[in-house]
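Engineer: What follows is the residue order along each chain.
Protein chains: 2
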Amino acid sequence: MKERGLLIVLSGPSGVGKGTVRQAIFSQEDTKFEYSISVTTRSPREGEVNGVDYFFKTREEFEQMIADNKLLEWAEYVGNYYGTPVDYVEQTLQDGKDVFLEIEVQGALQVRNAFPEGLFIFLAPPSLSELKNRIVTRGTETDALIENRMKAAKAEIEMMDAYDYVVENDNVETACDKIKAIVLAEHLKRERVAPRYKKMLEVE
Amino acid sequence: MKERGLLIVLSGPSGVGKGTVRQAIFSQEDTKFEYSISVTTRSPREGEVNGVDYFFKTREEFEQMIADNKLLEWAEYVGNYYGTPVDYVEQTLQDGKDVFLEIEVQGALQVRNAFPEGLFIFLAPPSLSELKNRIVTRGTETDALIENRMKAAKAEIEMMDAYDYVVENDNVETACDKIKAIVLAEHLKRERVAPRYKKMLEVE
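Residue numbers (the UniProt record's numbering), protein chains in the order written: chain A, 1 to 204; chain B, 1 to 204.
Some clues are possibly wrong.
Remember, identical chains collapse to one label, so a pair may be satisfied in a single copy or spanning two.
Straight line, CA to CA, 27 angstroms or less: simulated DSS-like cross-link-like pairs of lysine-lysine [said to hold, decoys possible]: (1) K198 - K97; (2) K154 - K199; (3) K180 - K97; (4) K154 - K189.
Since the hints were made in silico from the structure, they are not lab data.
Just so we're clear, the structure is a prediction, and the values are computed from it rather than from any experiment.
Generate the whole structure from the sequences, applying the supplied hints.
Structural biologist: Below is the structure:
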């Protein structure tokens, strides 16, 4: 039996650059994660291949998947459904491969319920760290603007609580390196490694 | 107040190459760990500087440190005492620096009692993984030899239980990369990062 893969969930506030970081990770040759292919009801764009870019479904099929609990998480955007098929994720993990999901915060919370053992990484906006400077140098911005930003920042920081790790997206390359370090470290945890050695000795 | 540093403890069975890996890590320019300077009763060798290579002490001074609980761990080898001074480690952690300890398994267990929040990394001999092959290809080695190796392997695997991570020393450079990934990931844990953000917002 193969060692089960890791479920890696990258999420964070909208506009933080999740997609850019995900693309950068998958453009690196040494990346061994499997990208989780989403299910969608939107029409394929030119060049998009079913089962590669997306699993394309009708609304009826998608709603049946919802009813059958076949989606790890799903949402509706501008009239189309998008979701993560649980069977694909489960099968890939069983094959011993790490699955990489890049999703919205609401979706991540749904995934956390189904896969609490997943690796939940919060991508934080660099503006969070800059906030202090902006507050200190008040006067360059209006009070209302700063107050809005403070409210948003508080909401973003509260979101973090559901995650295992926080990576600031101040630089795409650095963010990728950090995400890969997190996944590597997770594979080296004693709870994962020791049973492998113990199993080895049973060969006797 | 600075964020407290991490205590990194690298240990493993004797002969596994802990010293080589430690030297390789500290020869890398981007390494930001502070090496924990040991206390010893042995005489300084040519070129060794007190407070840099070791803290050199008399036997009486060392025994006083033991009595005063000033040592995180200590042992006696070929007539000389060696130990880790708790004040130096504590002060360096408080300064926000990561402290790196490379010690024997017995010492690591002592440190774990005093600093359970430390990062305990077990360096595993690559021979452990080769064991399976050696058992499968029996005949090339005597049964007694294999049995001895099996016993040693079982003891080594049991040692792992006190550690957080296991890194196989199949290649010094890879082992260094893994250790650094573990430390980086640890710094990105939400429990460490979120309070920093929360503190930032208190500036209001």
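Engineer: For each hint, tell me whether it holds in the structure or not.
Structural biologist: Structure-based check of all given hints:
With identical chains, the CA atoms of K198 and K97 are at most 27 angstroms apart within one copy only, with a shortest distance of 21 angstroms there and 36 angstroms across copies. With identical chains, the CA atoms of K154 and K199 are at most 27 angstroms apart between copies only, with a shortest distance of 11 angstroms across copies and 47 angstroms within one. When the C-alpha separation of K180 and K97 is checked against a cutoff of 27 angstroms, the pair qualifies both within a copy, at 14 angstroms, and between copies, at 23 angstroms. In this homomeric assembly, K154 and K189 come within 27 angstroms of each other (Cα to Cα) only across copies, at 19 angstroms, whereas the closest approach inside a single copy is 32 angstroms.
Checked against the numbered hints given earlier, the structure satisfies every one of them.
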